[in-house]
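Student: In my numbering, the protein residues as written are -1 to 450.
Keep in mind that the hints were calculated from the coordinates and are not lab data.
Remember, predicted model here, so these are calculated numbers, not experimental data.
Treat the hints with care, since some could be wrong.
Quick list of simulated restraints, FRET-style, between CB atoms [unchecked claim]:
| # | residue 1 | residue 2 | range |
| --- | --- | --- | --- |
| 1 | GLY32 | LYS193 | 30 to 36 Å |
| 2 | GLN224 | VAL378 | 26 to 32 Å |
| 3 | ALA51 | ARG360 | 38 to 44 Å |
| 4 | ASP330 | PRO77 | 20 to 26 Å |
| 5 | GLU357 | THR205 | 47 to 53 Å |
| 6 | LYS193 | ALA162 | 21 to 27 Å |
| 7 | LYS193 | GLU62 | 36 to 42 Å |
| 8 | ARG339 | GLN224 | 45 to 51 Å |
Beta carbons: idealized from backbone N, C-alpha and C, even for Gly.
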Amino acid sequence: MVTRVLLVSTNYAPEQAGIGPYATQIAEHWVGTGHAEVHVLAGMPHYPNWRVAEDYRGVWRKEEERAGVRLHRRRHSVPARQTAVRRALYEASILAHGIAAPPRMPAPDAVVAQLPSLAGGALGARLARRHGVPYIPVVQDLMGAAAAQSGIRGGGRAAAAARAVESRVLRRAALVGVIHETFVPRVAAMGVDEKRIRVVPNWSHVTGPTRPRAEMRARLGWREGQTVLLHSGNMGLKQGLDVLVEAARTAPSLRVVLMGDGNQRAHLAALGAGLPNLDFLPPADSADFTDVLAAADVLAVTQRSSVLDMSVPSKLTSYFAAGRPVVASVADGGGTAEEMRRAGAGVVVRPEDPAALLEAVRTLAAEPEAADALGAKGPVYVREHLSSEAGLGRITALLDEALERARAGASGGAGDGAADGAAVVHNRPVIHRRKAAGESAGGAVAHTDKTG
């Protein structure tokens, strides 16, 4: 018999940024094992530019099949600018449409939900309870902390409400996956027993660079001898990208490149208007992505100083694969700084401090051999800790454990840790891996952050 899984993820392919590609690879991997029928309740593609993709505009509901995965798309609001009120309307529209039109499918054996979408988490918990099956949320970002830390207008008032919903959703879970160990205390503080929390880190989806750096630099118009500092990914509030604009203003000889999209792009372009050494590029095609990263001298990851334990940028997995040194302008006590230290592939500097960032970049530029050696540690870290095989294997193990616990509980075994109302009414086999976990059916590529 085949295990039937419902994955709730507002973001999904064809999105190539943030959570969407992770959800896509997970679903396609499970289908690829031959042991799973996978359905996905998703929104309309809109990330990271926060505009609904042209092919989906005006569509209320859409049923699709991609690489063997059955998609159930539901329309929702898409705020062009981020405020607490607009974010709340975004979440409310996801929840309302999901409740009004749940997926038309046979009863699943388990429901997995990708957070940070609180609405997606609530929908997942509701559907799991309705069918009496395990509910397994995977926490990519902590939304209560995000509301407080990201700088979104009105976020302070929204934080308590977001934490209350988040806590309720997570307490209902059979098991909770978190992408970094720094999330564990926060989740435990919401009333989730630490024995039910599993660390399931994200992985690197990209291959290493394939073209000579000089070739790609020439193609991009980056002259030899000029130091290029590149940021790739979502241009949102929590990234605090003003620091890179100010770095470009302070150091005219440095070329600063912002590659990607997001709701702060227009603001950043206006802030840096007239700076000849500040470039904005659209997201690179997946075929060119790591070659563009590798063509830069230094890669930048930035966060506002208030961002501590609500997010770990997924761009780091791609940065490390590119083999260039990383300068992280982030709070020293957060998960991003911890991941930087673990990889050893760059340096951490004070957040929102252009002078500190420039000092680090200049030091790396002045010592190219040392910079190359630092960058070379990234691919090693990817091979040893961030492979897609390992990452997808951990997610599959999380699902398998929840199914096994529920099955043991249904048969009178010691199903400790089962959530409220999560007793299983089916008795299907767990998903076992037949092929390498990285061999997903579609292989979408993720190379930017998760939230605005």
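Student: Do GLY32 and LYS193 keep their Cβ atoms within the hinted range of 30 to 36 Å?
Tutor: holds (32 Å)
Student: Within 47 to 53 Å or not, the Cβ separation of GLU357 and THR205?
Tutor: violated (33 Å)
Student: Could you say whether the range 20 to 26 Å given as a hint is met by the Cβ separation of ASP330 and PRO77?
Tutor: violated (32 Å)
Student: Has the hinted range 38 to 44 Å been met by the Cβ atoms of ALA51 and ARG360?
Tutor: Since the Cβ atoms of ALA51 and ARG360 sit about 41 Å apart, the hinted range of 38 to 44 Å holds.
Student: Starting from the range 36 to 42 Å, see whether the pair LYS193 and GLU62 falls in it by beta-carbon distance.
Tutor: holds (38 Å)
Student: Taking 21 to 27 Å as the hint, is the beta-carbon distance of LYS193 and ALA162 inside that range?
Tutor: holds (23 Å)
Student: Looking only at beta-carbon atoms, does the pair GLN224, VAL378 fall within the given range of 26 to 32 Å?
Tutor: The hinted range 26 to 32 Å holds for GLN224 and VAL378, with Cβ atoms some 28 Å apart.
Student: How does the Cβ-Cβ distance of ARG339 and GLN224 compare with 45 to 51 Å: does it lie in that range?
Tutor: Hint violated: Cβ distance 30 Å, outside 45 to 51 Å.
The structure does not agree with the numbered hints 4, 5 and 8 stated previously, though it agrees with the rest.
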